[in-house]
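Peer 1: Please build the complete structure, drawing on both the sequences and the hints.
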Amino acid sequence: MSSSPTSAQTTVDVVMPQMGVSVAEGTVAEWRKRVGDWVEADETILEISTDKIETEVPSPASGRVTEVLVDVGSTVDVGTVLARIDTGAKPGEPHADEHAPQAGPAVAEPAAAEAGPLPEKAHPPEPAEHGGNGHGPPISPVVRRIAEEHQIDLSQIEGSGRRGRVTKRDVLAFLERRDDAAAERPLHIESPYRDEEPAPVQEPAPEREAAPAVGGEPLSLMRQKIGEHMRRSLDTAAHCTTIVEADMSRIEAARKSGREKLTYLPFVARAVIAALREYPMLNATLEGDRLTVHEEVNLGVAVSLGEDGLIVPVVHNAHELSHEGLAARIKDLAERARAKRLEPDEVRGGTFTITNPGAYGALLATPIINQPQVAILDLEAVVKRPVVVDGDSIAIRPMTYLCMSWDHRALDGALSAQFLSAVRRHIEEWSG
Amino acid sequence: MATTTARPAAIEDGGGASVDLTGDDRRALLRYMLLMRATEERALTLYRQGKVPGSFYDGRGQEAVSVGAAFTLGPRDRTCILHRDLGAHLIRGVKPGRVLAQMMGRAGGVTAGKDGNMHFADHELGCVGMVSMLPDMALVTCGLAIAFQMRREPRVAMTWFGEGSTANGQWHEAMNVAGIRKLPVVFILENNQFAYSTPNDHEFAVDPVKRAEVYGFPGVKVDGNDVEAVFFAAAQAVERARSGGGPTLIEAETMRMHGHGAHDDMSYVPKEMVEHWTARDPIDNYERKLREEGFDTDEIRESVKGELDAETEWALAQPMPEPHTALEGVFATEDPVLGDGNAPWSRWQREAANA
Amino acid sequence: MPEITYLQAISDGLREEMRHDESVFCLGEDIGAFGGAFKVTDGFIEEFGADRVWDTPLAENAIIGTAVGAAAEGLRPVCEMQFADFISCGFDQLVNVAAKMHYRQGLAVPMTVRLPSGGGFSGGPFHSQNPEAWFLQSPGLKVVAPSTPEDAKGLLSAAIRDPNPVVYLEHKHLYRRAKGEVAEGRFEIPLGEARVAREGTDLSVITYGAMVQLALDATEDLDGASVEVLDLRSLVPLDTGAILESVRKTSKVVVLHEATRSCGVGAEVSALIAQEAFEDLDGPVVRVTAPDTPVPFSPPLERAVLPQPDDVRRACLELLAY
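Quick note, the sequences are listed as chains A, B and C, same order.
One point on numbering: in the working numbering, the residue at position 198 of the first sequence is 198, and numbering is uninterrupted.
Here the working numbering = 1-based position in the second sequence + 1000.
Here the working numbering = 1-based position in the third sequence + 2000.
Read the hints as simulated data drawn from the structure, not as lab findings.
With a straight-line cut-off of 25 Å between C-alpha atoms, the simulated SDA-like cross-links for lysine to any residue are: (1) 2039(C) - 79(A); (2) 1210(B) - 2058(C); (3) 33(A) - 73(A); (4) 2249(C) - 148(A); (5) 1095(B) - 1319(B); (6) 2249(C) - 144(A); (7) 2179(C) - 81(A).
On the chain C side, residues computed to face chain A include the following (Cβ under 8 Å): (8) 2176; (9) 2177; (10) 2251; (11) 2278; (12) 2279; (13) 2280; (14) 2281; (15) 2282; (16) 2283; (17) 2321; (18) 2322.
Predicted model only: the values in this text are computed from it and were never measured.
Using N, Cα and C, we set each Cβ at its ideal position, and we do this for glycine too.
Peer 2: Spelled out as structure tokens, the structure:
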């Protein structure tokens, strides 16, 4: 009843042969041997049929059949093991009618030396030891493009690629985190440089009001400097303020359909720049009696520093930027302004200023000109109001007042009004 | 199977119509040969004047081979015409001006500058343009014939090739296929003694006309400088093909009187050979013969000259093609239309009148 | 819908076209009485007659050359080369006469040349080639390489209806191994359109022919990566839009083909991507192909040359980690 012990090396597989170039499978038609039977090499062990022919399959070896794995009528792929033969058995031994399958590793054919892949087949290179500028792993084209478009400092991102390379995934994840941080904006305008926490200016400071006049705290140096500038400006320029209201519907729509969530400011900035091209006299500086009308538009954008006051970084050559580009630059300048990382040149050379104090609901204002420029535009709240449209109908539209203070030494009311009308026109006819 | 150069007075074809040449037909034969020569001479002049880019090839001395054979074709028959067979183009209806414009690479040329010299054919006249590789067109001609055979149409495909190209494997494939299928083709073998500078004894060991038998169909040798001999041999072959009798190989013996191209001074041709064949010029001899029979051949010459002058003027006025057209036409957007060609042989007018 | 093999789909498609238009006819060696070396035209001569199913002599130039003439006269010949490898014996007629005819002469040549291509069965150097790249260098030829039974049928119909010479590569390995649902009756799949075999976001494998299924299998489970497999289907015209769209999405590309490496279709696709999608790349464009050797006969040698699933997996994993 016992069969001689088999060893791994003496088990031979009987596999489904390939009867023809394009044949992929075959069907077991009839088993000539059962488990336990002795079979001679080349003796027919089973019959198969394929869609090309029917044929007998000769046994690959002499021995005792230890397993029959595929039933009559089953169709299997070429190469499937159909049966196993123990070549270490001896003929004449008792037939094992009850038989436990021996699971031995297959020795179907001489183990082909499956060498590793040939080098020419596939060889993606390692990122260079040094990137293009000689430091660290390279910045791939897509990463560079995304970083530029969104004003990302790649050194802020930890790379998950080879040798610490910043991958596309890394930079997109960084952007997502950054965007989430700058979350949903309310309809009212809000300056792009606003913190999540309400700006300190908002908090009433009863202690300050109650502070005695004598012995109170001196103003910070920055506050003093701002104060001097404001005073000087009022003393120098002949301040007038002209106000024009604008329908922000189209910009509202553009904000909603844009790729990123932008505030009103970059759109208005873009409209202002367009209007300055039509009325270049407003893009000028007056020093003494010397009026200089400037080619390039270096747009100052007032940034609140909270308690510390105010600073006006300048977007140089703003006329070369789209509203998205302006948004990115303003964001970057504001961030660095708050972090006190502005370069000196970034607060000089402005030719026109926009101030956008925040969503506190104020409708109108009379800003003070940023010397030596000849005008400053103040963008206050955007509020939904009923307005008359198309003849005599009434519609609810998001409206805002464009309040521009200007220097009557260099300009006059008509020109200022025309300019503001042009700004309104660009806003109300916004098409991206 | 191999016949002599004897010219039968008339051949009865399967349809019963007699195959003969009227006086007008014979005038036409001369005129087409004169037109071919005049066009090629004018083209050569233009070439020497620097107006023809690339190379220039002509069939001087071989006019009878293309004119005589092409004259037998009916409107619905089809051809693949080779570079020394301008007469066939002219008979099918291509005007000399378009040929000159073609050679000059102008927009008004048959291929509008896409291909040069004799690599052209007007498919609207039922011709398929040759390629430089020879004799590829022999197989294409078999393909045209296969279409006629499959559709059971009494139509014939005719092509020409030089004796040199019979050395090529594709000639064998064409002869073999034509013989196996008994295709309605007529192969005109222009034996002009030289393939570029290579003389016949370097191209074959056995006269090609004898090989036709081995492929299963007749081979006929004719005097390639006798336009009527060529005509009658071709007419017989065409009628055999049209009536289902299968292919014929016609070897027309002739001589290429110019070099392989205008760049070739043919110094490798023995002087005696040139003299011998000059005396057998197909145009001179046929013109003399017709004059002797009372035809006013001067009037034909004048007419040809007048036509050439007008056509040359037209051709020279054609602009060069626009550069952007170089990118156009790589792919077709519509199925092909092989149109019918002119068939000036009087037989076709008679058939049309009787139809 | 019935499930049939790739081979059956080609046969069905050809039969449908021949039933639909009597100007369609077949020519090739052993296609008539024998039904074709791979049985694609089995039963055809019985249904359509010897006129429309021509058992040609052993003469590839004759097959292609006569097809040109027949096509010029308004028939629609479908040539069969017994193995794609033998196209070299008919190369002259294909690239000099057929391909250039419309450009030079304005005469369309509506013919199809079927090429049973590819290796993987010890066919050796002359029965295993993938010669498609040759035809990319021959303007005037269109080239298609279906990977599924449905595509095989639809592209064959489109190829036959196209007024241009179309080279149709049918991969022998797929004949009986590729099975799928295929609609009955005639339908065309337009030339020049790729197909996204599997959508993905992390990496694109761009491939065609027998390598499509290999790519799908190899990238099924790659450490959770989302791998897109783009089946080109058509090599001329190439669906450059689909290629660039995939690259824009994933920014990492493996181009895979069974044909040899140098100047293959992969080289063309890689150059296209490098030029047109440079700023969308987050890693180098990698090719997985056979090396520049003839296809050897003995199984271990053949396996060492033809791209295997592990080759694709390795290339993808390395690129994913870049």
